[in-house]
Amino acid sequence: MSNRNREVYIVDGARTPFLKAKGKPGPYSGADLAVNAGRELLARQPFSPEAIGEVVIGSVMPGPEEANIGRIISLRLGCGKEVPAWTVQRNCAAGLQAIDSALKDIATGRHDLVLAGGTEAMSHAPLLFNQKMVNWLAAWYSAKTFPAKLAMVPKFRPAFLAPVIALLKGLTDPLNGLSMGQTAENLAYRYNITRDEMDEFSVMSHQRLAKAIDEGYLREVTTLYDSRGNFYEHDDGLRRDSSVEKLAKLRPFFDKKFGNVTPGNSSQVTDGAALVLMASADAVKQYDLPVLGKIKDVNWAGVDPAEMGLGPVNAITPMLQRNQLSKNDIDAWEINEAFAAQVIGCLRAWEDKDYCAKNFGMSEAFGSIPLDKLNIDGGAIAIGHPVGASGARIVLRLLHILKRQQAKRGVASLCIGGGQGGAILIENVSEVA
Amino acid sequence: MSEQHYQHWSLAKDNDNILWLTLDRQDASVNTLNRAVIEEFNHCIEHVAQDRECQGLIIRSGKDTGFIAGADVEQFGKIKDINEAVDLVRQGQKVLDRLAALSMPTVAMIEGFCLGGGLELSLACRYRVAENSRKTRLGLPEVLLGIHPGWGGTVRLPQLIGILPAMDLILSGRTVSANAAAKMGVVDAAVPKRQLERAARYYVLNKPPVNKPSKLQRVLNFSLLRPLLAKLLRSKVAKKASPKHYPAPYAVIHNWVRDGAHGEKAMINEANSIGKMLVSDTSRNLVRVFFLQERLKSLGKDSDFAPQHVHVIGAGVMGGDIAAWCALRGMRVTLQDREPQYIAPAIKRAYALFKKKLRKPRDINAAMDRLMPDTQGLGVSQADVIIEAIYENLEAKQALFKELEINAKPTAILASNTSSIPLDEINTVMQNPSRLVGIHFFNPVAMMPLVEIVVGNKSDTETIQSATAFVRKIDRLPIPVKSSPGFLVNRVLMAYLMEAFQLYQEGVPMAAIDKAAKDFGMPMGPIELADTVGLDICLSVAKNLTSHLGGEVPEHLVAMVDKGQLGKKSGSGFYDYKKGKPVKRPLAKNYKMADDITKRMSMRLLNESAAVLREGVVEDADLLDAGMIFGTGFAPFTGGPMSYAKFLGKNRVLSEFARLSTQYGERFLADPYWSHHEDGAGQVQTHPRNEGVATG
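Chains as they are written, first to last, in the numbering used here: chain B, 1 to 433; chain U, 1 to 696.
If you're looking for bench data, these hints aren't it; they were derived computationally from the structure. Glycine included, each C-beta is placed from N, C-alpha and C at the ideal position. Don't take each hint at face value.
To be verified - Some but not every residue of chain U turned toward chain B, in silico, with C-beta under 7 angstroms: (1) R338; (2) I347; (3) F520; (4) G521; (5) P523.
To be verified - Dumping the calculated EDC-like pairs for lysine to aspartate or glutamate here, alpha-carbon to alpha-carbon at most 16 angstroms: (6) U/K348 x B/E65; (7) U/K360 x B/D331; (8) U/K240 x U/E462; (9) U/K355 x B/D226; (10) U/K80 x U/D369.
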């Protein structure tokens, strides 16, 4: 069974609307989100959930009650006790990692049908006790006698109660101490990206999402219902009235005072899940499944953590090289919008002859990517970036765009906190070879 | 290990010298206690008492259906007089006294049902351990059968856990889980199955101190305080049951005040008190209702239909609540409507239901996962049961079923929840009309146990069986009815409501009408009931029925609905509502209730019941009684309308109709049914044979 290299298809997919974090935990946990998207996805399949071979879920910060969240989701979806499930973590590209892992298991013949994707309830990220409080509590619990406990009391300081915000820790590079926004400021500095350029890019993201919603393109979005009688049909971070003037009023968030990266030109902190159903040619034939597309290749690359935003450049370029494709062979691009400055930085790096020579041994610059082929239906600045889910979301959107445009090839890619990039090459096919 | 086998019991001794006494009734699937079982138990106890080497005794069940479900209710019907009843009760008491007097430690090891006499037996043990699984339920449900505990339950339970918690269980008849029982002190330990035997052994070998009520509870038992507390208890019971119709709980309180749940005298008084009740009409009727319920429960038993997925179309109040109930009972459910905005309120109500019934967040989540909103109708092709609950429109329903027939699984049940459109009109558009069946729920779905299985002229027998089995799977009581206007419940109920409206129009105060009905034993007066159901619903049922059966739709009902006064849900109907409660103007002190108010309403109801039987809408009078009790709450102590008619007797029924029809008009002309049935009530079986969960 091993060493086989079978073709792998994506046959269907679904995602929740992405819900902006509003300062308190949202109505759904990470597992809730994935289950809501997944049960509708599975309900429209001609096979029962038990027919799935395995479930792979990307998630960066599952809740404390969601250890191996993939398994929880699988069981809650009714895949049955016998179906194995696991969880993968590669920061912002966890969802793409899940697809890559599923790809390998199908390609090697381990499974024929795999449910893959990612989920993140960023609004549920916990507040933690700081180290001083933990030490004090440990001493308190080990003090067995009443006098010993009493002696602990004066050692307590109110400052011990200051929480550690797990979300901020997660969005800070643990080695160089830079926040993700500061790595975007680095790219803006390196390539002279102005505040106006960032804000214009952001307005475009909102406008494109608005158009996609209005045209009814986002058919992969399943409606969410909550226990209070509310329902959510669309990504609620969208600002239809977004404009450069309005965005100009926002203050820089990461480099306070003198920076350019604001919440308005960054991806939004959101809750959401995206899932895809992947299949071998055998499974496609067995169940007569419609095909969304074929995965041609996946590539991962490391870059300087302080410039993690360039990850897509270093992941995509070698992947195209080894497939003997040039940028003109790619009909649609999805580059996850962690920050406007970061996506623009990628475009600049490809136009930078030195960067391309140094990193890829190219004699010329890779060249410009036309904006009308990039993030055609908007990106994370408007939609939001629930870190575990985004990888699966952009792959799924890319597949639908290729179908809509009757185009052939697309690339989806994400930058990854800690200095990596991940990329996937997709081909639009409608049936198995 | 030495073993000794009796007919129902077996006694074994293990290596630790512990005696294990196992009850496995030979002739039944459930352990219940009758004279033979008790007599044999007596032998066992005598035998055990002579064993000087043994460490202790553990009593357990040999059945996987539970420990002991109570006294054998079937023998109640054979009791001829009070003396026989008292004798039977005393016999049991004495055997349990012998058990309680054993000098060795005794333990009841409880799995599954431990009810009535079963719990009383375990209360006579020194210790009790129970498996903390979902199927374990403990309680003293005797009051639900019009009697009270008789084998020392009203004495030993207060001694064990204190008077207030004991009265809570005895007076309400409610059952509790193993964990709740452990918290109250009814059992000494609630443990998972894997620890159950070890726990039972532990109590035998270690003999820890037995459970005692708290100080406060012991103070409350002081003779001076008892009358005060009794007042409080009586007023609490009065909210649920009137002393006139349900004397049992009041007798328990009375006995306690006199005897303080202490000593032989208390036991003898308990026996004398229950002896009277065992032969009372109330108890005999309630026992009959119990067997009627068992009959409904046994319907569809032989079907091997095993539905897992239910698709409900129409997320209104009925559809939404049906979907929620099915999900609560473990079905996978898809709930279809055109837009999310129509489904969202149903999901909210479902969540509230799950929260109330399931409590544990994990279980609530699982139920929510099972209930999937479905705007695209994805569930149609996968469901085992499809229930249509859209608006009452023939063309819309026809179009829907035409499509469902094509897209549903060939084995799927196609059902309509319609209350007014005949199945045989809907199914005319279907390729195979025999597939269509009615599954008619009542509002509010979670409160109303009855579901009418509506049989059209063309409905297929096997489909009916499957639909019945499905209704049992979701723990509702199915009753097969013919597809005729109003089916059973709405039709009979509407006759009664129409008479109430008539009284109202004649100027009788609403409060008087409602009071008359409640005094008769109805759970709610007809005016308040109409408001609760919704006047728009009442009107549409009334219109439907009058169009088929004649009569007139009351004008004021039409007027109120036109004005948007729909009852409780709109804040005003016959009554005005404040915070969901009707504002009732009290009757004047000197108000003299006319005799005929109750008679007019009840005789209309009886007459319509007779018509329904004559037309064969339900199979027999027993089913009619069951339907009216479980579908409307019709005074259970009467045994149902036809049982009540039998109580009145044919002559009295006919003479009442003669008098009422002369005075109030043709609607009171006795239905031909009455003159064709000798005893005035058809085949009402007072004590059908049944072996099932029993209590006592």
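How the hints compare with the structure:
The beta carbon of U/R338 is not positioned within 7 angstroms of any beta carbon in chain B (closest approach about 12 angstroms), and the interface hint is therefore violated. Among the interface hints, the one on U/I347 holds; its C-beta lies about 4 angstroms from the nearest C-beta in chain B, closer than the 7 angstroms criterion. Residue-level restraint check for U/F520 is violated (minimum Cβ-Cβ distance to chain B is 39 angstroms; threshold 7 angstroms). For U/G521, the shortest C-beta to C-beta distance to chain B is roughly 38 angstroms, which exceeds 7 angstroms, and the interface hint is violated.
At about 30 angstroms, the closest approach between the beta carbon of U/P523 and any beta carbon in chain B exceeds 7 angstroms, and the interface hint on this residue is violated. Under the criterion of a C-alpha separation no larger than 16 angstroms, the hint pairing U/K348 with B/E65 is inconsistent with the structure, at around 24 angstroms. Note on U/K360 and B/D331: the hinted pairing is violated, with a Cα-Cα distance of about 51 angstroms set against a maximum of 16 angstroms. With a C-alpha separation of about 41 angstroms, the suggested pairing of U/K240 with U/E462 is violated against the 16 angstroms cut-off.
Restraint check for U/K355 and B/D226: the C-alpha separation of about 14 angstroms stays at or below 16 angstroms, so the hint holds. The straight-line distance between the Cα atoms of U/K80 and U/D369 is roughly 54 angstroms, outside the 16 angstroms bound, and the hint therefore fails.
Taken one by one, the earlier hints fail for this structure at numbers 1, 3, 4, 5, 6, 7, 8, 10, listed in ascending order.
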